[in-house]
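Student: Residue numbers (our numbering), protein chains in the order written: chain B, 29 to 243; chain H, 68 to 543.
Possibly wrong hints are sitting among the right ones.
As the list claims (entries may be wrong) - Restricting the straight-line Cα-Cα distance to at most 30 Å, the calculated cross-link-like pairs of lysine-lysine (DSSO-like) are:
hint, chain 1, residue 1, chain 2, residue 2
1, H, K71, H, K154
2, B, K229, H, K305
3, H, K233, B, K229
4, H, K83, H, K423
5, H, K540, H, K491
6, B, K229, H, K243
Derived from the structure by calculation, the hints contain no laboratory data. As the structure is a computational prediction, the values presented were derived from the model and not from experiment.
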Amino acid sequence: MSAAKLDARQEILERIHHAAGGAGDRAAEYAAIPREYRREGGMAPEARLELFAARLYEYGASVYRCTAAQIADAVAQALTQRRRTAIVVSHGVPASWLPDGFEFVEDNDLSYAALDQSNGVLTGCEAAVAFTGTIILRHGPGQPRRAVTLVPDYHLCVVRAQQIVETLPEAIRRVEEFRAAPLTTISGPSATSDIEMTRVKGVHGPRTLDVVLVL
Amino acid sequence: MSVKVGQAAEAPSFAKASRGALGNTQLRHNVRNATDVIRARRAHAVAETLDWPQLRDSARAIKDHVLRHLGAYLEQFEAACTAAGGKVHWARDADEANQTVIDIIRSHGASEVIKVKTMTSDETALNPALEAAGISPIETDLADLIIQLGGDKPSHIVVPALHRNKAEIRRLFMEKMQLQDLGERAEDLAAAARRYLRERFLRASVGLSGANFAIAESGSLCVVESEGNGRMCVTLPKVLISLVGIEKIVPTFGDLEVFLQLLARSATGERMNPYNSVWTGVTPGDGPQEFHVVLLDNGRTGVLADPESRATLACIRCGACLNICPVYRQTGGHAYGSIYAGPIGAILTPQLQAMKHSQSLPYASTLCGACYDVCPVKIDIPEILIHLRSKVVKGHGAPLAERLAMKAVARAFSNGGRLESAQKLVRIAQKPFVEDGVIGRLPGMLANWTRFRDLPEVPAESFRQWWAARRRKEIP
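The following block holds chain B by itself, in its conformation from the complex (with noise of 0.2 Å):
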């Protein structure tokens, strides 16, 4: 770091020190921040799950539903209906997911061009979002890297009952302790309101996302 930059640091911390002091105990004043907002939902389970599935459906995603032993299944269903064939896989998904009769790609480091050229991505996810119709994705070593959820065109996430909460914060609890992680939250596919400020669906993202819901 050059002298020149070690100086306008110390010149912002000054100022700011000047115009706001910064008095007071600062963790005690945090904490007495007032929160009453809602922390908790309180729907039922089976509420729960079908709030988050219309959501999807809103966002124009189709939902699957089954139990933890026709995941499999479900898989094929859905790449059978968009006519997907060949998926990457990324970290962290069990072989147990995957059907046969399709060819899966498993993510070793693949080049943007093989993302690219693929024809989709199945992954899990970390938590979900019933209010929002939110699914929030963790990265990092053994989870999906960031760029194999983003550059193939479809996106196919499984997402178990137990994952999901209703509201943002009982999420965002739910996924503090891997904060450092890379996080993204996807709610519906990628879409744009730039133009005449109406929601239109498919631009740089995956431009069509599916849901497994795990029961």
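Once you have looked at the hints, place chain H on chain B.
Tutor: Okay, now just chain H, sitting in the frame of chain B:
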């Protein structure tokens, strides 16, 4: 020190600039249409969020707390980000920030950089600086791409090309992307942008982003977006540079649970925007392996120093105040002469420039208060506007004629007899100017008042006179 807010220092006054906008019926039609759509959606999304007032209270309390302890939180952010493999730079002003970014890009020998929408880089006028240094900035947000291809200026904080309609965008894309044929639906335009940018995403070696939130405890950044271009920019290149205003700090990861609930609903009326990315320094085997954060002051510490308007720094750039503002809806964003338009722009732009430029902006408001009602962090914009107006007046002193007039008014208002005589005079003097009970145009220095509004005629009888006459009738 050279604080810069885009080209705001050279912009004409709001009154002057808005005249052109008001004459452009296509622009006004586009702006009204788009803001009507977004207002209806926001209203719906907010109405179904039963704890909206509580979320706003918490958000504001968190922001106020951060501003009181900003120095300590920035140092905490710096330490955590550095520990996670990031490099933190500090920039006093726009030029210093731009030079830092250029130096990093040059050290990698790159000739282009992919950018995800960042108002902060518009503020520092980074793109012209990059171009002057021989580096091509590629805007990847759809609206920013529309602006860049059209050589246009952003007119809205969230939807910079809000003033453009579908037909205009289609013509622009066909010309600039050299397309023989292009469909007319919004979907077709989005698909064209996808094809145009895909290869540029995959080959880019340097990405540039802003940040919606900088988390002090973990040194993480969070980018909120819809299209996936943000994910591309912060994930695919080998090198990532994030330009972040010092006020973007939140203390903890957990605080996102408040702001992420407020931002999407306020900005686009969605329960949640399609994508949020959170990352911390460098992650081996995933994403950029070199990461720089440039923390930008550029006038923010000056805003912080004024307790009466410090709350301006709580803004999370949702744009709700623009969409609701009766003035913005008539003029669109360009009349504000700043990349920050609308009510928040009217208080932010002049303050960042230490009240030396853009002094007409605090007057670009009717003080109706709608902006305060919709603000997710409860910034009392009308109160700050009045505060800034008083600063403008104190800074320059009012013109002599106005001061004399105000003195005369004070003298007349302080005594009932004098007031009555003054009213009699006005009743006679107004006669040539009244038409259908309204005064549409006053002469001389009074013309300023009626230039943008009508004045009701002074009635034939004052309340005091009416009251006295009534009493005489009732109590003979």
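Student: Please list, smallest to largest, the hint numbers that this structure does not respect.
Tutor: none
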